[in-house]
Structure formats: C-alpha cells, structure tokens
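The listed protein sequences derive, respectively, from chains Z and X.
With numbering that gives the first Met the number 0, the residue at position 239 of the first sequence is 238, and numbering never jumps.
With numbering that gives the first Met the number 0, the residue at position 105 of the second sequence is 104, and numbering never jumps.
Rather than coming from a laboratory, the hints here were simulated on the basis of the structure.
Treat the hints with care, as some may be off.
[To be verified] Simulated restraints on C-beta separations:
(1) X:Ser87 <-> Z:Leu268: 44 to 50 Å
(2) X:Leu1 <-> Z:Leu19: 46 to 52 Å
(3) Z:Glu239 <-> X:Gln309: 50 to 56 Å
(4) Z:Asn182 <-> X:Tyr60: 22 to 28 Å
(5) X:Ile47 <-> Z:Asn182: 21 to 27 Å
[What the hints assert, rightly or not] Partial selection, computed: residues in chain X whose CB lies under 7 Å from chain Z:
(6) Leu25
(7) Val29
(8) Val131
(9) Gly134
(10) Val145
(11) Met241
(12) Ala287
(13) Thr290
(14) Leu295
(15) Ala297
[To be verified] Sample of chain Z residues with no beta-carbon within 12 Å of chain X, all distances over it, derived:
(16) Arg29
(17) Leu169
(18) Gln242
(19) Ile247
(20) His258
Since the model is a prediction, treat every value here as computed from it, not as a measurement.
Virtual Cβ for every residue (Gly too), placed ideally from N, Cα, C.
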Amino acid sequence: MTQAAALSSIGVRRAESPGLWILAWRRFCRDRVGLASFLIVVFFFGLMLASGLHLIAADWSKEVGVNYAPPTFAGPAISDRSSAPPHSSRSESAGGLNPADPLADVLAEIRAESGGASIAEVEAPTLIFGGDRWGRDVLKKTIKGTETSMFVGLAAAALAAFLGTLFGALAGYYGRWIDDFFNWFYSIFTSIPYLLLILAIAAVLNQKGTVTVILILGLTGWTGIFRLVRAEYLKHKVREYLQAAEAIGASHMRRMFVHILPNVSHVVLVQLSLHVVLFIKSEVVLSFLGFGVGVDTVSWGSMLNEAQSELILGYWWQLVAATIAMALLVTGFSLFTDALRDALDPQLK
Amino acid sequence: MLAYVVRRLWQTVPTLLGVVLLVFFLFTWVGGDPAYLLAGKISNPEQIENIRHQLGVDRPYYVQLWIFIQQIATGDFGESWSTNEKVSAIFATRLGPSLTVLVPLLIVDTLLAIAAAMLVAYVRGSLTDRMVMIGCTVGQSISILVYIIVFQYVLAYQLGWFPVQGWGNGFAENLLKFSLLPIIVGVIVSLAPDTRLYRTFFLDEINQDYVRTARAKGMSETRVMWVHVLRNASIPIITNVMIQLPGLLAGAFLIERFFSIPGVGREVILAVERSDFPVIKAVTIYVAIATMIINLIADLLYRAVDPRVQLK
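Bound-form chain X, shown alone:
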C-alpha cells in the first residue's frame, strides 16, 4: 500500500514537470513581454527596462524557469500585478467562499443525481424514464448562462426570495443567505448530465447475474438496489465525483462572477481580464497538483469500495 502510494507519487513527477514547462512556455513565449503589459501606455524604455529587471525577464530562460520552480516549491508567487496583493494571500482569502458554495453543491448534486438515476434505471424503458431522459437532454442543451441569468432575474430580482448578489462576513450568513441561490442554480445545471451518466452506470449493473441471484434469494428490492447495485455502480460514480473535485479549488467561474462571490473562480476571470499572470500561473499549477493527488486518492478509494481492484 505505502509502496504503491510512493510509486504513484514518484510517477507524477514527470507530469508535474510537464505542466510546469507548459505553463512556463505559455506565459514566457506566447504571452509576450509582460513589461509592456505592466507599463501600459505611459512608458519609456527606461521604465520598461526597470520593470523587466524587477520581474527577472531580462535573465536567461533557464534562470527564469529555475525561479519559477522555486516559486512553486515555496508557494511564494510574489504579488499580483494589478493589486499588489500577495498571490498566496489571494488564495487564502478566496478559497473559503468558493468552498462554501461548491462543497454543498457537490454533495447535494451527487446525492440527488444518484437517487434520480437509480429511480429511472429501475423503471428503465418506461414512460417516466423516457420523459426524464428527454428532460435531461433538453435541460443540458440550455447554456448555464441562461440558467443563471433567468434564475437570478426571476427568483432574486423579481420575487426577492434571495439576495441578487453579494457576500457577507459570517459563515452562516454566507451559506444560508448568499450561497443558497448559487447552490440551487449549480445543482440544477449539473443534475441533468450527472443523472444521465449515473443512469448508464446503474443500467450496466442492473442486468448482471448477481442482481438476479440477490432477487432469487428473496432480498427486498430496496436492498438489492441500495446495497448491491449501488455498491457496484459506485466505482464509476466515485470517478466522476473525483473528476469534479479539482474544480472546487478553481472555483465556479460563472456562478461566482454573476453572484459576486469573492471566490477563486471570480479571481481567475478578473486575472484573465487584467492579464495578471502570477495569479493565473499559480492557480493552474496548484490545481494541477491537486488533480494528481485526487487521482491517487480515487484509486485508493476504488480499492476500499471493491477489494478485487488490484493496486499495481
């Protein structure tokens, strides 16, 4: 087990190095000289030279790459170019709001999608199943933007059930007042694709021999579905939930932007608008690292769910 974890972590090193190289390449060659971006319109050559020296872009590429790797290792990405806030401080303060919205969203969405998928898989081929599937397909085809715009307009602006946007100070206030509508919108948007996906996972299991055996033994339908089928269908479901986890760190870009939630996603969009490279670089690298770790955890979870899975 430990040997497996160590080996897997060792295997992530080349990938991580690749991500570092990709980000470095993008922001150093493709991105152009940041000094011009920073100096703006009122700039003379001397100023630009000054900025270049400050940023270290006048040094050879390998030195810059080494500085970048040091930044990643120490977690010190310097300051944001537009607000001069420490990049690490930006994350420390923005991650909380993102998680306040996204963790409940993911939990509610996953539970609802599992329940809905199991129900329609159980009555597969029936009118209910077909209607739900058509509803999901149509629901999925409407842009997330439309859901946000319409829900914000109708539920918050016209009916006044929720605040239109904003963020408070206390956790309870944020969760129960400001996060509710974003969570509802998020659940509605992700419920349709997840239900469709989980339905296929359940359908794969529901025709297996062990299900017939369980029924033949006289087991209740509830037990067959919730214990036998669910456990076997849980591996792909875990995979799908795990895939969404790194997204928690990157924040929900659109939801945070519309509802003015001071999370990581909104910060990324602001950073892209302002060409604030240090912030984007830091987010990309950290989320990539998180993705690799989460992939490892997912493999360990498979093992916990299904002892037949061999970790090699």
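Extracted from the complex, chain Z is given alone in its bound form:
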C-alpha cells in the first residue's frame, strides 16, 4: 500500500513538472536557427513523401523539353546544333514523326509506356530549371533525386542506429564476454577506413540498387553509435532505478529496453540525425562512382555524374540543382542536429 502511495505521489509530481521531452522541445523552440533548420528538414521530408507517393515529379522521366533545354531565366539557347550530341536529331524534328522511320511506332509505344509522353507534344525550348541530355525537367529530376538520396540516408541511418543500439545495449548491459565479443567486433570494423570498407563490400556484392546501398551503409555504419550507447548502458546499469527494476522482478530484456533505453534515447536520436547526413553524403559518392543506386534510379550522385560531362559543354544547371538541393538539406540537417543536441543535453555546450 505504502509503495503504491509513494508511486502515485511520484506520478503526481511527474505530471506537474514537465518531462525531458517537453523541456527539450521548449529549449528547441527558443533556438531560432534550430527551428529554421527544422523547417527545412520538414520541407524535404514532405518533398520525399510527396515524391514517393507519386504526388509530384511522378513524370520526371518524361522528355518535355529540347535536349539540354536551358533554364527559363537564362533564356532559350542561341545554340549551334552541331555541338549537340547525336540525340539532337530527335529534337530537330520536334513535334513530328519521321514517316520513314520503321521503329517509330515501337518507339512511340515505348515512350507512351515509360513516361506517358507523346512525341507529338511540342518540346519546350526552355524549362524552369533546365533540362538534361534527354530533355527531362531538371527540377523534377532533382525532386526525384532528393527522394532517393534522402530515403537511403534515413533508412541506412535507421538500420545503423538499430544495430548500434542493440549491440551497445547487449555489450554495456551484460558486460563480460559479451562486451568483449562486441568490442572485438567493433575493433574489426573500425580498423578498416570507412570508404574502403564500403567499396570492398560493394565489390563483393557486385550489384546495384537502393536496397544494396542501404545495407552497405547500415551494416558498416553502426560503430559510432555502438560505442556511445555502450558507454551509456555502462553508466545506467549501476543506477538505483535499475536496482529497483530488478527488485520488482523485471526481466533482463525489460530492464534493457523498457527501463534504460528511454533514458539513453536522446543519444541515439542525435546520432541517428548525424548519421543521416553522413549516409546521404556517402550515397552520393557511391552512386557517383557507379556502385550505388541502379541505372534507372536517379539520385544526387547520379545527377552529379551526368553533370560532370555536361559542365564541359557549358550545361551547368543540373550540377547547380543537385548541389543546391544537397547543400540545403545537409546544412539544414546539420544545424538541426546541433540544435537537437543542445536541446536534449543542455549540460553540453
């Protein structure tokens, strides 16, 4: 009875004073830079979801403009067609079909299937943010790339955070040989430079695709989170509330994941946010090198890959679009992470 009364009195006091998350949220709201960066992150989230649900940019692969259509604000190209790549033969006959072309029907069918684009449609001389080699809208392409890159970053970070937390919890909680084992595992992964490890695994898997990239990044990236979570568990397992949990007969699993985990979740959250940025950057590099997402998927990395050769021809817009999108998201996410850390851990400065 007395115990119940004590518990309920604690419960009452809890209800009166704000909890960790409410305090953190209040601190976060006072941080104007943090709030602005949070809005950027939310905006990109919305973009990713909308694109993923095919609400926007679903027709990104449609060839709506002439090849390398310049951005509208730059005006139409004063182009000499001779410098354009062989693909330009199609845009010269823009609007009409060559009746002598035996493959015309087949091509039209393929185009209709792939993007719903009809050849009869007039190809615009300029697009909002320009067009790529096939006259696809760079703006839509960037949105699609945002979806891929951000999804890969989030999913890989979630996987890495899951593994890191699980391993860290087991190692820190149980200690002894389990701790030794995971530390050994950790030392193996950290003794190989990150990018080299990723490339080695990419070489072995030898297949491209979004899932592959997520797996590569997630399975190699858990080490930093592991170390921090393990340290937190070491700290928490000797605290009194855990003795209390043991006294009321909570199982090991329950103590680990119901009692301790909420108390260290802020560490995991900050790390998760930090790793999203890291993995987005890594995905861009991997996709650029051609070991990342598949050829039919567009990501910032694959856009930069195309942009590299386009720049020499003077077509800068794809490079600028991908760079701006990435810089915005990464800056936003980094500042958001800083604000999150400050809000969740006010002692740290």
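Place chain X on chain Z using the hints.
This is chain X only, laid out in the frame that chain Z set:
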C-alpha cells in the same frame, strides 16, 4: 615502455584475426564463385573447373583460409585478376603518387586548420567566429564531388592555371605541376570540418584555470595561445590527424580518380569496377594493419605530449 608496446602489439592479434576472417568471409561466401567472374561469358565447365583449381577455390575452406593467412604473412597476394600484374608490384608503384598528393595535403590542412581554429576560438562568440562557423557548415554540406568538378572546370579547364589531369615522371614535376590543384581541392574540402572540430578542442581548453593563471602571470596572449593552450589541445588534434593517417595508404579515392593520379585510391576503384578481388583484399588487410600500428603510435605520442598520460 617496451613491455607496453609488446603487450599492445599482442592485443592487436585477435583484431587482426577478425579482420582476416571478415575479409575472407566477404570474399569467399558473399562474393560468390570468382571463377565465373573471371571466365566471363565465354566459358565452358571445363574452363571454370580449371580456373577454380588455379585459384584454389575447389579446396576446403580451412585450406583456403590458411593460404590467405600465408599470403598476408609473406606479402605475396599473387597477381591481379584483370592485369596479371603482381599485387605487391601494384602497391609499390601506386603508393608514391598517393603520398605525393596526400602528405602535403595533410600537413597544409592541419596547419591551416589549427591556425584558423585558434583564431576563431580566441574571438569566440564574435561576428567573425559566427561567420566562419556558418561558412564551415555550408562549405561542409557541399559534396566533395562538386568541389572537384567545379575547381577542375574553372581553374584547370577554363583558366588553364593547372593541368586538367595527368601525371608526369619526375617527383618535382608531379608535386609542383600535377599535384597542386588536387592538394588545393583537398585542403579546401577538409579545412571546414577540421576547423570546426579543432575549434571545439581549443574552446575546451581556453576556459581552463591554467589559462587564467598564465594571463595573471602577465604572459603575452601569443604565448598563452601558442604554447599553453595549443599543447593541451594537441592531444585530440593528434588523435584526429592519426585517424587520417591510414587513409594515406588507401589513397584519396575521388581526387585520384578525377585527376588521373595513378595512386592506390584510383587502383582500388578500378579494382572494384573490375571485381579484382586480390587487389581489394590486399589493400583492406594492409590498411587495417597500418591502422592498428598507427593507433599504437598515437598512444605513444600522447605520452610524449602529456607526461600525465599513463600507459597501461
């Protein structure tokens, strides 16, 4: 001291064994049968059997593992699958160009980052500090790819200040002609994160009591910063520089690829593209060994910098 070094080296054995097992596991089970990769499309069962026998993959796993350990111990990883060059010869010839670019890069970057970080830490909270930090955050958020593409295009292709890419024969020519732009790009890319990091190290020290004592004694600000604070902040800085050292052996993948520098990094990317397993295996193992040795050296350096550090 010697006992410490011996014990530390002994402790690396299980880790090294783990790395060997990990690499072996990756390339033997996950990687699939290399004979199919090697034989390509024009292959009959007999050919594949032949290749399997040559590579030793038709033998039991423990024998293969033993062969692999022998390869590591002797440094003889056989020949590259795609060029038939000896793997050891590939390293011998590729390491030089990598180091020509990366050693100056690391030195210049570290010195600049220390100076910049100390400056902004000294004027912490000021407009300069805030602007530099914002600049670093934004600069860091732009992909390294963009820096390389734009610098190569503007400085080398359009303005012609540097060769677009390539590599010469003499060391001086390589360093002063072909390496300059890669080094500049590399410094710009790594300066932003390093300045941010070192700034926090300096900030940790700058509010300590000993700094106030030094000032109270009438020491010049220059001496306080460059002697007292720098020495105390140098431990985490050494750690950070040391972390980057193994990367020197693995090469700078992207920079070497873009500027056609025949270094280890470019070789690794080529090897990944061609599924050239012996090369990747060798790089991974050697870089892992180097990492462990460098970690040991880092601990010894701490001791040299700060006599209070106990080596146990």
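Status of the hints after comparison with the structure:
1. A hinted range of 44 to 50 Å for the beta carbons of Ser87 (chain X) and Leu268 (chain Z) is consistent with their spacing of about 47 Å.
2. Taking the beta carbon of each, Leu1 (chain X) and Leu19 (chain Z) are about 50 Å apart, inside 46 to 52 Å as hinted.
3. Checked against the hint of 50 to 56 Å, the pair Glu239 (chain Z) and Gln309 (chain X) fails, with Cβ atoms roughly 32 Å apart.
4. Under the hint 22 to 28 Å, the C-beta atoms of Asn182 (chain Z) and Tyr60 (chain X), about 26 Å apart, fit the expected range.
5. One distance hint, 21 to 27 Å for the beta-carbon pair Ile47 (chain X) and Asn182 (chain Z), is violated here, with the actual separation near 42 Å.
6. The closest approach between the C-beta of Leu25 (chain X) and any C-beta of chain Z is roughly 5 Å, which is under the 7 Å cut-off, so the hint is satisfied.
7. Given hint, Val29 (chain X) at the interface with chain Z, holds; its Cβ is 5 Å from that chain's nearest Cβ, closer than 7 Å.
8. Violation of the interface hint for Val131 (chain X) is found here, the shortest Cβ-Cβ separation to chain Z being roughly 15 Å, above the 7 Å cut-off.
9. With 7 Å as the threshold, the beta carbon of Gly134 (chain X) stays out of range of chain Z, its nearest partner Cβ sitting at about 11 Å, so the hint is violated.
10. With 7 Å as the threshold, the beta carbon of Val145 (chain X) comes within range of chain Z, its nearest partner Cβ sitting at about 5 Å, so the hint holds.
11. With its C-beta approaching chain Z no nearer than about 13 Å, Met241 (chain X) sits outside the 7 Å limit, and its interface hint is violated.
12. Look at Ala287 (chain X): its Cβ gets to within about 4 Å of chain Z, closer than 7 Å, so that hint holds up.
13. Taken as an interface hint, Thr290 (chain X) checks out: its beta carbon lies about 5 Å from the nearest beta carbon of chain Z, inside 7 Å.
14. Given hint, Leu295 (chain X) at the interface with chain Z, is violated; its Cβ is 12 Å from that chain's nearest Cβ, farther than 7 Å.
15. Checking Ala297 (chain X) against chain Z: minimum C-beta separation of about 13 Å lies over 7 Å; hint violated.
16. Consistency note on Arg29 (chain Z): stated as away from chain X, and its beta-carbon is indeed over 12 Å from all of that chain's, at 18 Å minimum.
17. With 12 Å as the threshold on Cβ separation, the claim that Leu169 (chain Z) sits away from chain X holds: the shortest Cβ distance comes to roughly 18 Å.
18. Every beta carbon of chain X lies more than 12 Å from that of Gln242 (chain Z), the smallest distance being close to 31 Å; the non-interface claim holds.
19. Residue-level check passed: Ile247 (chain Z) sits 39 Å from the nearest beta carbon of chain X, beyond 12 Å.
20. For His258 (chain Z), the shortest C-beta to C-beta distance to chain X comes to about 32 Å, beyond the 12 Å cut-off, and the non-interface label holds.
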